[in-house]
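Asks: As given, the protein sequences belong to chains E and Y, one line each in that order. Residues 29 to 279 in the working numbering are what the first sequence spells out, letter by letter. Residues 2 to 244 in the working numbering are what the second sequence spells out, letter by letter.
What the hints contain is simulated information worked out from the structure, not anything from laboratory work. It is possible that part of the hints are untrue.
[What the hints assert, rightly or not] Straight-line alpha carbon distances no greater than 27 Å define the calculated DSS-like cross-link-like pairs of lysine-lysine that follow:
| # | chain 1 | residue 1 | chain 2 | residue 2 |
| --- | --- | --- | --- | --- |
| 1 | Y | Lys138 | Y | Lys150 |
| 2 | Y | Lys150 | Y | Lys78 |
| 3 | Y | Lys100 | E | Lys131 |
| 4 | Y | Lys165 | Y | Lys100 |
| 5 | Y | Lys221 | Y | Lys138 |
| 6 | Y | Lys213 | Y | Lys244 |
| 7 | Y | Lys150 | Y | Lys221 |
| 8 | E | Lys131 | E | Lys216 |
| 9 | Y | Lys150 | E | Lys131 |
| 10 | E | Lys131 | Y | Lys221 |
| 11 | Y | Lys213 | Y | Lys150 |
| 12 | Y | Lys150 | Y | Lys165 |
| 13 | E | Lys216 | E | Lys142 |
| 14 | Y | Lys78 | Y | Lys165 |
| 15 | Y | Lys138 | E | Lys131 |
| 16 | Y | Lys213 | Y | Lys138 |
| 17 | Y | Lys78 | E | Lys131 |
| 18 | E | Lys270 | Y | Lys165 |
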Amino acid sequence: MDYDGANQRQLTHKGSISLSPRISPDGSRVAFSGISGGNWEIEMYSLDLNRTVSFPRYSGTNLSPAWSADGTRIAFSSSRTGDPEIYIVDADGRNIRRITEAKGPDVSPTWNPKTNAQIAWVSGRTGLPQIYTMESDGTNVQRMTDQGYAVSPSWAPNGQFLAFAWIRRYGPGAPGARDIYVMDITTKQFVQLTHDVGRNDFPSWSPDSRHIVFQSDRTGTEQIWTMLADGTNQKQLTTSGKNSQPNWSFK
Amino acid sequence: MKHRAIQWSIIILALAGIMVLGACKKKVTPPPPPPPPPPAAPTASLTANPSTIQQGQSTTLTWETQNATDVTLDGNKVDANGSQTVSPTDSTTYHLVAKGAGGSQESTARVTVTPPPPPPPPAPSPTDMDLFNTNVKDIFFDYDSYDIKPDQQSVIQGDAAFLKQHPNITFTIEGHCDERGSTEYNLALGDNRANAVKNALVQAGVDASRIKTISYGKEKPFCTESNESCWQQNRRGHFVYGK
Chain E
29 MDYDGANQRQ
39 LTHKGSISLS
49 PRISPDGSRV
59 AFSGISGGNW
69 EIEMYSLDLN
79 RTVSFPRYSG
89 TNLSPAWSAD
99 GTRIAFSSSR
109 TGDPEIYIVD
119 ADGRNIRRIT
129 EAKGPDVSPT
139 WNPKTNAQIA
149 WVSGRTGLPQ
159 IYTMESDGTN
169 VQRMTDQGYA
179 VSPSWAPNGQ
189 FLAFAWIRRY
199 GPGAPGARDI
209 YVMDITTKQF
219 VQLTHDVGRN
229 DFPSWSPDSR
239 HIVFQSDRTG
249 TEQIWTMLAD
259 GTNQKQLTTS
269 GKNSQPNWSF
279 K
Chain Y
2 MKHRAIQWSI
12 IILALAGIMV
22 LGACKKKVTP
32 PPPPPPPPPA
42 APTASLTANP
52 STIQQGQSTT
62 LTWETQNATD
72 VTLDGNKVDA
82 NGSQTVSPTD
92 STTYHLVAKG
102 AGGSQESTAR
112 VTVTPPPPPP
122 PPAPSPTDMD
132 LFNTNVKDIF
142 FDYDSYDIKP
152 DQQSVIQGDA
162 AFLKQHPNIT
172 FTIEGHCDER
182 GSTEYNLALG
192 DNRANAVKNA
202 LVQAGVDASR
212 IKTISYGKEK
222 PFCTESNESC
232 WQQNRRGHFV
242 YGK
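Pulled out of the complex, with its shape left as it was, chain Y reads as follows (with noise of 0.2 Å):
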């Protein structure tokens, strides 16, 4: 009998000692964990590059999301980075959606579209005039001489075709001399020019009756040094457009 009450005083301290043991203990447990963070807020950002285009072109939408579970770009699923070319027909503001379990949020782009340049006007078409600028040569003429020489021939012929090919041209013929002769020679002289050459594109079959001649003989020159070079530039059959 007694070896039992040993054992159930054994036991009763044991209890009591795991007692006094677990009170203790239960006064250091450290404090319970904080609550975990709540989940991070997405963020988004989309930028559109140009964000002016000209209607039919194109820019890059690009976008970066962080912390979304779910993005969208104007309703449509994409992924959390990602471009995108797009070629609106007017002006549009896409909006970028990125949805977590952090929130939502949300970015825009504005992609401005102006109207396509007008086409460039046609090039103005050339004038009668113009064209009687470009096409129409003067006639160079030796000194003193009003015959038409032979290396001025084909400047006539290819005057003549113009003014054949442009009928409603009425034009001058101006007889010019160089410094050299006098006054009034050179005026007489400077008519005979004017009149070599409407002769010559008479007889190649331009009418008469649109030509005018005058001359100014040495009055008006085109080159005012005393040389061969600025002598002979003086020394023409000079066209004006008009009469």
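Chain E extracted, bound-state conformation (with noise of 0.2 Å):
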């Protein structure tokens, strides 16, 4: 769909799930993970030719598909070894390489569209999901969130901020809400741009690092919000159904 919502268009018709759609930089394709022959599959879709294209199918769990800045590689989470992992693959679906070695789930990789040489991502080495970033090779291992329940992290065009969604005062009992918050990665200095307000998750930055979209369950459904990088202006979307996991063009 466009930026305020207008033109949505049904890309997969698999009758089954399909999730995590990620376009291409040169926005040519749509990367998703989809239920295909019994195993979650990363799938393409090529808007050029509107139907899917053949990627590799890999055993176990094949998530979370990210665009690296330049369109040549794809980060994404696999089991395939039984455990989830951070896994990256040329885009062409060749030259597979694991890059994390934890137990406990590896998820929802983002490069730093910047300097397309480091990684975001989610894991449950420690228990609760936490954000951290590493070297696309897989080294230097950096922790940013210190506690509660941390996912879906989006990496500003700017190459200078972590957008993700924050369950901080998560303690014993249910968890509380779910929050937008944005990082400083030089200074893991954080800013909290949605306040209680129902589940927030999946934010996604337009290219200008001005705007950020999200999903969020505030009216009682989960539908597509945006608003300003400093939280303000937060405007709706989507209306009809359940809407879930945008994300914003490179262009």
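Both chains are given apart, each in its own frame, so use the hints to dock them into the complex.
Replies: Below, the structure written as structure tokens:
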């Protein structure tokens, strides 16, 4: 759809679940994860051909594809070894390599669009999920969040900020609200953009780093919203059914 | 002599009187009695209760007769009234004949014999899928955890014992999570849960090649209310027959 919510268009008609769409930097393809042959696989949809195009299948659960800034590589989560880890594969499906090795969920990678050399992702290696960063070869792992339940990172095009969803005051019993935060990757200082209004998740930056699109169930159902990167001017884009996991295209 | 004559006249008079009297008497003699009525005709009734039996069961024949001196049931002499239990193997018509001075009367009763019902079909032997669904129990998890809890260990052992006894069954373990987590993270967590159950079964001796795993995260909840008992229902490794 357009940035104002107009021109909504359905791409996949698989009759099964398709999630986590990610538009390629050149705008020609959408990578997503879908159940195919009884398995979660990374799938590729060509916006030029208006159909799914072939992409390698792996064993295990394959989730959350993320395009590198130059469109030549895709990072994703695969449990082909029995434990979800982050892998990188060339955009043509060749040359798969594993870049994390930690027990527990590793999922939702996002590339630093500025440097094209770092990846932020979510890991449950210490229990509740936290945001981490690393070089795209798997070195220099840094934990960014210090507490709570932090998921769904999106790296701002300026390379400076990570947006993510965080239940910061998570404690025993039911978790609190899940809000969108923005963190400066150098200082790890963060700003809370949404405030205790339901579950907010899957932020995605506009190409100019000034807007963030996200999902929120504050109206009772999951819908797509936008706001300025300082949290002001929150607007609902979708209204019918349930809508989730927005992804702002590079261009 | 004269005396003798008187005697004679007296006799004659007497005779005459008798004759006259006798003639008169004859006039008032009642008509002869009607001939005795003919002997009453016998009656006969024969019933079978019940009239329909299954092979091997019996029924009671009951009969009543009147005015009969000779009563036979299928040729055998019986009492005028009576009952008898019979268990014919085939459908039979019984004949009661009652004979008396007044004639003969017959009555019949039909007993229908039905073949015994076919033996009930043996209870269908449970299929592997039925046995699987009955015996293999799901494994439940704590929030945000894929560790097999201590209280689930015995469930795993029970599952493994059944699965080892039925080595031809292949199956799928679905990993499920509650709605509070985030979509992508829950899919990865559900994958860890499914694999945790798989690994525990493999450790207990179940061949890994029989097991397929898939994660549904929070996409296919068993329960959709927002409370802990419902969330607990959704945090599980769910077994499905076949893979």
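Asks: Each hint should be assessed against the structure and marked as holding or not.
Replies: The hints, checked one at a time:
no., hint, verdict
1, Y:Lys138 / Y:Lys150, "14 Å, holds"
2, Y:Lys150 / Y:Lys78, "86 Å, violated"
3, Y:Lys100 / E:Lys131, "105 Å, violated"
4, Y:Lys165 / Y:Lys100, "81 Å, violated"
5, Y:Lys221 / Y:Lys138, "18 Å, holds"
6, Y:Lys213 / Y:Lys244, "6 Å, holds"
7, Y:Lys150 / Y:Lys221, "23 Å, holds"
8, E:Lys131 / E:Lys216, "25 Å, holds"
9, Y:Lys150 / E:Lys131, "17 Å, holds"
10, E:Lys131 / Y:Lys221, "25 Å, holds"
11, Y:Lys213 / Y:Lys150, "22 Å, holds"
12, Y:Lys150 / Y:Lys165, "22 Å, holds"
13, E:Lys216 / E:Lys142, "18 Å, holds"
14, Y:Lys78 / Y:Lys165, "73 Å, violated"
15, Y:Lys138 / E:Lys131, "26 Å, holds"
16, Y:Lys213 / Y:Lys138, "16 Å, holds"
17, Y:Lys78 / E:Lys131, "98 Å, violated"
18, E:Lys270 / Y:Lys165, "44 Å, violated"
Figure legend: structure checked against the earlier numbered hints; hints not met, in rising order: 2, 3, 4, 14, 17, 18.
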